[in-house]
Amino acid sequence: MDSEVEFLNYIYKNAQMGVIGIDDVITKANNEKFIKLLKSEREEYQTICNEAENILKKYGKQNEEIGVMAKMSSKMMSEMKMLKDDSDETIAKMMMEGTNKGIIAITEKINSYNVKDAEIVVLATKLKATLEKNVDELKKFL
Numbered sequence: 000m001d002s003e004v005e006f007l008n009y010i011y012k013n014a015q016m017g018v019i020g021i022d023d024v025i026t027k028a029n030n031e032k033f034i035k036l037l038k039s040e041r042e043e044y045q046t047i048c049n050e051a052e053n054i055l056k057k058y059g060k061q062n063e064e065i066g067v068m069a070k071m072s073s074k075m076m077s078e079m080k081m082l083k084d085d086s087d088e089t090i091a092k093m094m095m096e097g098t099n100k101g102i103i104a105i106t107e108k109i110n111s112y113n114v115k116d117a118e119i120v121v122l123a124t125k126l127k128a129t130l131e132k133n134v135d136e137l138k139k140f141l
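First residue of the sequence shown: 0, per numbering that gives the first Met the number 0; consecutive thereafter.
It is possible that part of the hints are untrue.
What the hints assert, rightly or not - Calculated pairs, SDA-like style, for lysine to any residue (alpha carbon to alpha carbon, straight line, at most 20 Å): (1) LYS127 / ILE19; (2) LYS138 / ALA128; (3) LYS74 / THR26; (4) LYS80 / ILE25; (5) LYS100 / LYS57; (6) LYS32 / MET95; (7) LYS12 / LYS83; (8) LYS127 / THR26; (9) LYS125 / ASN8; (10) LYS74 / ASP84; (11) LYS35 / ILE109; (12) LYS138 / PHE33; (13) LYS12 / ILE109; (14) LYS132 / VAL121; (15) LYS35 / GLU136; (16) LYS56 / VAL114; (17) LYS32 / VAL18; (18) LYS57 / ASP22; (19) LYS35 / SER111; (20) LYS57 / GLN45; (21) LYS56 / ASP1; (22) LYS35 / ASP22; (23) LYS83 / ASN29; (24) LYS12 / THR124; (25) LYS108 / VAL120; (26) LYS56 / THR46; (27) LYS125 / LEU141; (28) LYS125 / ALA104; (29) LYS92 / VAL134; (30) LYS138 / MET93; (31) LYS92 / ASP22.
What the hints assert, rightly or not - The calculated label-pair distances, taken between Cβ atoms and stated as ranges, are: (32) LEU141 / MET79: 43 to 53 Å; (33) ALA117 / GLU88: 38 to 48 Å; (34) GLY59 / LEU141: 14 to 24 Å; (35) ILE34 / GLU118: 29 to 39 Å; (36) VAL120 / LYS83: 40 to 50 Å; (37) VAL120 / ASP22: 35 to 45 Å; (38) VAL67 / THR26: 18 to 28 Å; (39) ASN30 / ALA128: 22 to 32 Å.
If you're looking for bench data, these hints aren't it; they were derived computationally from the structure.
Beta carbons: idealized from backbone N, C-alpha and C, even for Gly.
Just need the whole structure built from these sequences, with the hints factored in.
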């Protein structure tokens, strides 16, 4: 059970970083199609967060939030990268970099955790597929 809860919290935090990352940059985006994409991606990440929370409740646990320092660091990094250039292309590139890190991390976790709960495996796979799809969608704005 401990590995299931740990894995669920990881899934939650990975998706939550997507929400936070989008929140950090969406107000700088200009292209309506790009803004629509970012909003859609944010909804996908939030849905995954909600699903992870619901499964955690079945285990009698609550999600672990991302720390304040990690949130501040994300915001500061985004702002620093956009100081010189806050174009949609730069934002798309930043989002792709973060999303690629998420893909690598969730793939490593999927391969290393021995989780028996099929619902958790399905959610992890959904997160990975969402991240991969989002990278493909972001490429259109480079």
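The hints, checked one at a time:
{"no.": "1", "hint": "LYS127 / ILE19", "result": "holds, 18 Å"}
{"no.": "2", "hint": "LYS138 / ALA128", "result": "holds, 16 Å"}
{"no.": "3", "hint": "LYS74 / THR26", "result": "holds, 13 Å"}
{"no.": "4", "hint": "LYS80 / ILE25", "result": "holds, 14 Å"}
{"no.": "5", "hint": "LYS100 / LYS57", "result": "violated, 29 Å"}
{"no.": "6", "hint": "LYS32 / MET95", "result": "holds, 17 Å"}
{"no.": "7", "hint": "LYS12 / LYS83", "result": "violated, 29 Å"}
{"no.": "8", "hint": "LYS127 / THR26", "result": "violated, 26 Å"}
{"no.": "9", "hint": "LYS125 / ASN8", "result": "holds, 15 Å"}
{"no.": "10", "hint": "LYS74 / ASP84", "result": "holds, 16 Å"}
{"no.": "11", "hint": "LYS35 / ILE109", "result": "violated, 30 Å"}
{"no.": "12", "hint": "LYS138 / PHE33", "result": "holds, 11 Å"}
{"no.": "13", "hint": "LYS12 / ILE109", "result": "holds, 15 Å"}
{"no.": "14", "hint": "LYS132 / VAL121", "result": "holds, 16 Å"}
{"no.": "15", "hint": "LYS35 / GLU136", "result": "holds, 11 Å"}
{"no.": "16", "hint": "LYS56 / VAL114", "result": "holds, 17 Å"}
{"no.": "17", "hint": "LYS32 / VAL18", "result": "holds, 18 Å"}
{"no.": "18", "hint": "LYS57 / ASP22", "result": "violated, 29 Å"}
{"no.": "19", "hint": "LYS35 / SER111", "result": "violated, 35 Å"}
{"no.": "20", "hint": "LYS57 / GLN45", "result": "holds, 19 Å"}
{"no.": "21", "hint": "LYS56 / ASP1", "result": "holds, 14 Å"}
{"no.": "22", "hint": "LYS35 / ASP22", "result": "holds, 13 Å"}
{"no.": "23", "hint": "LYS83 / ASN29", "result": "holds, 16 Å"}
{"no.": "24", "hint": "LYS12 / THR124", "result": "holds, 15 Å"}
{"no.": "25", "hint": "LYS108 / VAL120", "result": "holds, 11 Å"}
{"no.": "26", "hint": "LYS56 / THR46", "result": "holds, 15 Å"}
{"no.": "27", "hint": "LYS125 / LEU141", "result": "violated, 25 Å"}
{"no.": "28", "hint": "LYS125 / ALA104", "result": "holds, 14 Å"}
{"no.": "29", "hint": "LYS92 / VAL134", "result": "holds, 9 Å"}
{"no.": "30", "hint": "LYS138 / MET93", "result": "holds, 11 Å"}
{"no.": "31", "hint": "LYS92 / ASP22", "result": "holds, 15 Å"}
{"no.": "32", "hint": "LEU141 / MET79: 43 to 53 Å", "result": "violated, 20 Å"}
{"no.": "33", "hint": "ALA117 / GLU88: 38 to 48 Å", "result": "holds, 40 Å"}
{"no.": "34", "hint": "GLY59 / LEU141: 14 to 24 Å", "result": "violated, 45 Å"}
{"no.": "35", "hint": "ILE34 / GLU118: 29 to 39 Å", "result": "holds, 33 Å"}
{"no.": "36", "hint": "VAL120 / LYS83: 40 to 50 Å", "result": "holds, 42 Å"}
{"no.": "37", "hint": "VAL120 / ASP22: 35 to 45 Å", "result": "violated, 28 Å"}
{"no.": "38", "hint": "VAL67 / THR26: 18 to 28 Å", "result": "holds, 21 Å"}
{"no.": "39", "hint": "ASN30 / ALA128: 22 to 32 Å", "result": "holds, 25 Å"}
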